[in-house]
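Chemist: Protein sequences, first through last, are from chains X and H. Here the working numbering = 1-based position in the first sequence + 114. Here the working numbering = 1-based position in the second sequence + 10.
Don't take each hint at face value.
As the list claims (entries may be wrong) - The calculated DSS-like cross-link candidates involving lysine-lysine, where the alpha carbons are at most 30 Å apart (straight line), are:
no., chain 1, residue 1, chain 2, residue 2
1, X, 125, X, 192
2, X, 176, X, 192
3, H, 64, X, 185
4, X, 176, H, 105
5, X, 125, H, 105
6, H, 105, X, 192
Everything labelled a hint here was simulated from the structure, so no lab data went into it.
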Amino acid sequence: EAEVAQSPRYKITEKSQAVAFWCDPISGHATLYWYRQILGQGPELLVQFQDESVVDDSQLPKDRFSAERLKGVDSTLKIQPAELGDSAMYLCASSLLVSGANVLTFGAGSRLTVL
Amino acid sequence: GIQVEQSPPDLILQEGANSTLRCNFSDSVNNLQWFHQNPWGQLINLFYIPSGTKQNGRLSATTVATERYSLLYISSSQTTDSGVYFCAVLFGNEKLTFGTGTRLTIIP
Numbered sequence: 115e116a117e118v119a120q121s122p123r124y125k126i127t128e129k130s131q132a133v134a135f136w137c138d139p140i141s142g143h144a145t146l147y148w149y150r151q152i153l154g155q156g157p158e159l160l161v162q163f164q165d166e167s168v169v170d171d172s173q174l175p176k177d178r179f180s181a182e183r184l185k186g187v188d189s190t191l192k193i194q195p196a197e198l199g200d201s202a203m204y205l206c207a208s209s210l211l212v213s214g215a216n217v218l219t220f221g222a223g224s225r226l227t228v229l
Numbered sequence: 011g012i013q014v015e016q017s018p019p020d021l022i023l024q025e026g027a028n029s030t031l032r033c034n035f036s037d038s039v040n041n042l043q044w045f046h047q048n049p050w051g052q053l054i055n056l057f058y059i060p061s062g063t064k065q066n067g068r069l070s071a072t073t074v075a076t077e078r079y080s081l082l083y084i085s086s087s088q089t090t091d092s093g094v095y096f097c098a099v100l101f102g103n104e105k106l107t108f109g110t111g112t113r114l115t116i117i118p
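Looking at chain X on its own, in the form it has when it is part of the complex (with noise of 0.2 Å):
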C-alpha cells in the first residue's frame, strides 16, 4: 500500500537552532499539506501546497517557519531558529480526489523536542 514518507521520526533540538523535516507523498497526489499537532489537541493546518504552489499559508509563522514543494513532489518544512513553543508533531499528508473531494492520507510524523 502506497505512504506518506516523512524524517525523521524525532528531532530533538536546542531552543535558536534550526530544524528541518522532509515529506515525500504518496505518488501521484497533487495536493501536499503540513500539519502540527500541539500534545492533547487535533492536527491545524500550517501550509497546503497544489504542485508546487501554496494554497493556503495563513497559519504559517512565516517569521520562523517556511516550507518549499520546489518540483511539486517532496517538501521541506524548515523552522529557524526553533522556540519552546515549537514542540509538537509535525505531519504530513498527500490527498487524492474522491467524488471531488480531497481525501487525506498522513506519513508516520516527525516528533519535534525543543529544550
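Given the coordinates of chain X, work out where chain H should sit on it, guided by the hints.
Modeler: Coordinates of chain H only, in the frame set by chain X:
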C-alpha cells in the same frame, strides 16, 4: 470558521464491548473523514464519509449531513483499538478542520 465537537472526550471500555463516538459540526460539509491516531502518533484514515453509512470489518460510520453529525461505531473492541479518534470536516473551499478527539482505552 466551522466548529467541530467530539464526544465523549474519553472512553474506557473492557475488551469485547461496543462503542459509539460522535462528531457534531456547525455547518454543511462536503468532506468528512474519521481517523484513528495510534500510540505512535500516526493518523490512520478509517472512513471518508460525507453522508450515508459505510462499514469496514468491526468499524462502521454514519453521517447525517442534514442534521450535522457523524457517528463512528466500534464493535467487539480489541486492545489495538486504543488511541485517539478524530473526525475532520471540510466546508466549501476552507481547510480540513479537526475535532478535539475522543481518547479510547480498551482494557484487556
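Chemist: Does each hint hold? Answer for all of them.
Modeler: Right, here's what the structure says about each hint:
For the given pair, residue 125 of chain X sits about 13 Å from residue 192 of chain X by alpha-carbon distance, which is consistent with the 30 Å threshold. Pair hint residue 176 of chain X plus residue 192 of chain X holds up; C-alpha atoms about 10 Å apart against a cutoff of 30 Å. Distance restraint check for residue 64 of chain H and residue 185 of chain X: the Cα-Cα separation of roughly 37 Å exceeds the 30 Å cut-off, and the hinted pair is therefore not satisfied. Taken as a hint, the residue 176 of chain X and residue 105 of chain H pair is honoured in the structure, with Cα atoms around 18 Å apart against an allowance of 30 Å.
Note on residue 125 of chain X and residue 105 of chain H: the hinted pairing holds, with a Cα-Cα distance of about 27 Å set against a maximum of 30 Å. At roughly 21 Å between alpha-carbon atoms, residue 105 of chain H and residue 192 of chain X fall within 30 Å of each other, so this suggested pair holds.
Comparing the model with each earlier hint shows a violation of hint 3 alone; every other hint is respected.
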